[in-house]
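Residue numbers (our numbering), protein chains in the order written: chain Y, 1 to 345; chain Z, 1 to 320; chain V, 1 to 508.
The set of hints was computed from the structure by calculation and includes no laboratory data. Treat each hint with caution, since some may be false.
[As the list claims (entries may be wrong)] Partial pick of chain Y residues on the chain Z-facing surface, computed with a CB cut under 7 Å:
1. V146
2. L154
3. L266
4. L322
5. V326
[Said to hold, decoys possible] Pairwise CB distance ranges, derived in the manner of DEER restraints:
6. V:R14 with Y:R227: 52 to 58 Å
7. Z:A112 with V:V19: 24 to 30 Å
8. Y:V191 with Z:A173: 57 to 63 Å
9. V:V19 with Y:L308: 56 to 62 Å
10. Z:A88 with Y:G173: 56 to 62 Å
11. Y:R52 with Z:A88: 52 to 58 Å
12. V:R17 with Y:L23: 39 to 45 Å
[Stated by the list, open to error] So the derived list for chain V, only partly shown, Cβ under 10 Å to chain Z, looks like this:
13. Q83
14. F91
15. N95
16. I97
17. T107
18. L108
19. K110
20. G116
21. M117
22. I118
23. S119
24. R159
Note that CB positions come from ideal geometry on N, CA and C, so glycine has one too.
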Amino acid sequence: MTDVARLPRRRDRVARPGTHRALWPLLALAVILIVDGMISPNFFAIRIVEGRLFGNLIDILYRAVPTALVALGMAVVIGSKGVDLSVGSIIAISGAVIAWRIHAGDPHFVILLLALAASVVCGMWNGLLVAGIGIQPIVATLILMVSGRGVGMLINLLYGGTDPSFESALLQGLSTGHLWLIPTRLILGAVLFVALWLVIRRTALGLFIEAVGGNAAAANLAGVNARLVTFAAYVICGLMAGWAGVILTADTHTSDPVSVALYIELDAILAVVIGGGSLAGGRIYLGMTVIGALVIQALTTSILISGLPPEYNLIIKAVVVLFVLVLQSDNARTRIGQIVSGGRR
Amino acid sequence: MNRKYIPLATTIAVFLALFLIGGAMYRNFLSTLVLGNILADNSFIIIAAIGATFVILSGGIDLSIGSMIGFVGVSMAVLDRMGWHPLASAALMLCFGILFGAAQGWIIDFCAIQPFIVTLAGLFLLRGACFMVTVDSVPIRHDFVQFYASLKVHLPGRGVLRSSALVMLASLAVAVVIAHFTRFGSNVYAVGGDRESARLMGVDIRRTTVSVYALGGFYSALAGVVYALYTSSGYPLAGSTLELSAIAAVVLGGTLLSGGVGMVVGTLFGGMILGLISTLIIFNGSLNSAWILISSGVLLFAFIVLHRFLVSSIGLRETQ
Amino acid sequence: MSPETPGQARVEMRAIRKVFPGVRALDDVDLRIFPGEVHALLGENGAGKSTLIKILTGALLRDGGEILLDGRPVDVRSTKEAQGLGISTVFQEVNLIPSMSVTQNLTLGKTGGRFGMISWRRARAEAQAKLSRLGVKIDIDQSLGSYSVAMQQLVAIARALDDETRVLVLDEPTASLDADETAALFGIIRDLKAKGIAIVFITHFLDQVYEISDRISVLRNGLLVGTGPTSEISRQQLIAMMLGRELGEVESAYAAHRKTGEGAEVLTARGLGRRRTLKPFDLTLRAGEAVGLAGLLGSGRTEVAKLLFGAIRSDSGVLSLEAGPVRHASPRRSIVAGMAFCPEDRKAEGLIGELSIRENIVMSMQAKGGWLRKIPRADQERIADEMIRALAIATPDAEKPVSQLSGGNQQKVVLARALASRPRIMLLDEPTRGIDVGAHAEIILLIRRLCDQGLALLVASSELDEVVAASDRVAVMRDREMIGEIASGAVTRDNIIRMIAGKDDGRG
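Work out the full structure: start from the sequences and follow the hints.
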């Protein structure tokens, strides 16, 4: 039987919206890299030094890992129509826990788990305020944002706080080490990405989060436990921030709650937005969020190699944010369109 | 008592309680000297927070405050090196603040983008601009700075109101008039209280939004001027994360972050509470500065939860 | 001036037409309102009442027809212009700002001296004057939100009125008022009427229509179906006008198939209710049987369905399913227990617009199965495709965002989601709201077919013919109370109308 109304093949269906969405961020990344290639002829060169890969491309990936991890958690929270401003504080707290327990002499594997547990607790706190008490996400996470770095400093005081630096083969191995030529944190980042992807896409959690973010009332009536799902989103975000905290803390061999990962929440939100996530919630794009984080890092790196003062970084970021947002805003697009075509509303 | 005054009353009660606790713990704490110092040391935060109060009352938020303070500082310092009189450069920076704020407000309304994100871009932009102006700490050497520092009004007891505190109190007075005795002030409360109703009641939403961010920009620029004159220098990292302190001061002052409810005068007490906390902790001497952040966070939490239940008890519609 | 000798109309709307994309919202509607009369405007949701009022008050522009004010043609292009002409409106939702004081609410945007300064002395005097016009005495410095909804409603009316007001439109002003508050409001309406103001009164309470109005106009599906003096229209005539035309043949065709309660009881509610929402009611649903839920707008149809589903918490009575009494009902538990609910407001409560048709369809099924056991993508696609075919959802593929579908197809997606969760009990609230005639018939047929397959159904509808056509028994609602049940043999339009009309036969 020839079925005219036969649905298109699955491949087409996935590919069409996919390419459309991925086009702009990927194009942006490509343009940045091509410009870099023109500025510095050796830009794409990758060589092996002391048993590990070196080169600008590797460097971009390497530096983008912490932001990308935070941004992935942020993408989940933003998908639920929320936002988490406290990720920087969570990083500070998990870092402080590491320094504290190392001074207390715990096994380093246990310390890793403790640091992650601390970040999960932070995420639960945020989730409780948002889903339990019903406080607006920006306001609710502001509390931990303000006080979290103080909590980190306090944890450092638990052992005197005079010298928060430490050495740990395990943690530094995870952060700055390398395995078969590849920096370990790239492998770790990839593993975490896959793990998160499995949780979001191989269970129904992602669908539920998107449903709650898209229309919480409807999701509730369709049988989704909106509160629990929102809570889960903040816990996931806390955990991802905790991993970023482990990498950043091990990188500097010290816990510095005051200035570690300053403004990382902004970079993370920016990465999600560049990746096509709408702050109005309802969609989670994990892969595109990573691209967003890479775009940010590539920008930073190219400002460095272009010889421009690094100060331009912030300004360029700001311009990129505004540009992307104005393009994303339907309202502005139509109105700009009207103005361009000479019409008025 | 009108229930909407509960947050303000709580704020004043907390302030008095903290002050009395300080008095019970330390000799010489209950004095105009301490009070005058707290006012002077926190004047720039309070000035910025007054501007933020208007923005938050309208249902928005302004994250660019800290960067604005830094940018105004370095600009004034560099202009001073170029021979400008501080008052002239201050006037220029205040105009810049108004224009920058207005631009943010316009983008927020025109593109219908959350204020959070637009002012975040503003934060990046101005902080980047700080570094483009200078990457070093630049002193302001003009004689006016000494003159400014020498201005003071003596209080009963040994206390003094320094010029920064005077500027702050004057700008507070202006803000109270704007908030409660002008049409614009009413419009701000209306937009924050219920945007759609306000529109139906004839409030020009765009004009109000643009004006309120312009006012916010003016106050953060003024805070930058006061900060620059108070520290007699400009430093490109100055004012980092000050937007958080300003927002915290507004919330502790009894203004609801969901907009529409609050009083400008509360922000004075909110800022003073933050100042008192750090003074108390510094007086103690053995406590780490971490406690400043943590106790601010705890108070913030308490106030936000209080506001949350207040909102549902007066039957206010919450605008997300 | 008596309604019988109207004379010059204050407002005359002639052949008003309004078309929204795909829908004819108003079709040549005529309306005349006279000075000193209360004109009740009636109709179910979507009948065109609000569209007509919005055109009168300048919130919408008409596509055809003309408006005459005191005999002169006027062109109302904004609410501000309407107010300038003396046409004031109080909308259903109090459109004031609860966080601001009464004075501020009464004077916002209306006062202001030099340099945009406000003189509170003058503003308060003005506010007092406005309130005293209605004989209201309250502390005007308190925030509006601290007063009852009734008082807020009066403040809204006070704001709308000034010396130039010639026409006052009240959109459901009594929806959230109790009896005493309503009586007080009516006193004020009578005063205003005595002053010669023409009042348009929109409501869904029939008692109030007969108590206060002089004339009635009824809209249905964008058409004016009747207008006349209140004294000449009986309750039954009025209900018949609002709830639709006769479909004798269709009705009798279904009547032959009506079942008589031999199926197993799958849901029983005993004394289930909630204060201020719904008086306690008893209801039984049986397998293979559809129970209709009839009643006017606001009679509590939706609330019955939501209470059974756990979307509204009950505070009295017991709900039992086959497995036993239900404790702590919630939508999720209800779905797990084999219930499904299709809400009336698809956009706000039904669909997740951003998500695809497939994702919307599998949502309840997935929620039932739990988050860990994700339905494999292939199965999702199969289910979605099956549903698209079974319900004839017009879409190129299952991946289209559901917000891009037409109303009828969106409704089918809501139904598909409910069906995909393999329920034994389905609660449908207005299953055919806002969809075209063809889809309408399809959905009624679908309901009958589901019934034959052994499902227990509850069909709440504002369309009498739909209730008659789709159900085996009918429970009738009036004023948030279930007033009775009509057994399968007696399900006819007339019986339902008679029951809704209740105690007396009206005044005609």
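Tested hints:
1. V146: holds, 5 Å
2. L154: With a minimum Cβ separation of about 5 Å from chain Z (threshold 7 Å), the hint on L154 (chain Y) holds.
3. L266: Given a least distance of 6 Å, the restraint on L266 (chain Y) holds.
4. L322: holds, 5 Å
5. V326: holds, 5 Å
6. V:R14 with Y:R227: 52 to 58 Å: Taking Cβ atoms as reference, R14 (chain V) and R227 (chain Y) lie about 53 Å apart, which means the hint holds.
7. Z:A112 with V:V19: 24 to 30 Å: Given about 27 Å between the Cβ atoms, the range holds.
8. Y:V191 with Z:A173: 57 to 63 Å: With Cβ atoms ~60 Å apart, the hint holds.
9. V:V19 with Y:L308: 56 to 62 Å: For L308 (chain Y) against V19 (chain V), whose Cβ atoms are near 57 Å apart, the range 56 to 62 Å holds.
10. Z:A88 with Y:G173: 56 to 62 Å: Holds, at about 58 Å.
11. Y:R52 with Z:A88: 52 to 58 Å: For R52 (chain Y) and A88 (chain Z) the Cβ distance comes to about 56 Å; the hint holds.
12. V:R17 with Y:L23: 39 to 45 Å: This hint holds: roughly 44 Å between Cβ atoms.
13. Q83: holds, 9 Å
14. F91: Holds: closest Cβ of chain Z sits about 8 Å from F91 (chain V), inside 10 Å.
15. N95: holds, 5 Å
16. I97: Nearest chain Z Cβ about 4 Å off; hint holds.
17. T107: For T107 (chain V), the interface hint holds, since the closest Cβ of chain Z sits about 8 Å away, which is under 10 Å.
18. L108: holds, 5 Å
19. K110: Given a least distance of 8 Å, the restraint on K110 (chain V) holds.
20. G116: holds, 4 Å
21. M117: Cβ of M117 (chain V) sits 6 Å from chain Z, so the hint holds.
22. I118: holds, 6 Å
23. S119: holds, 8 Å
24. R159: holds, 8 Å
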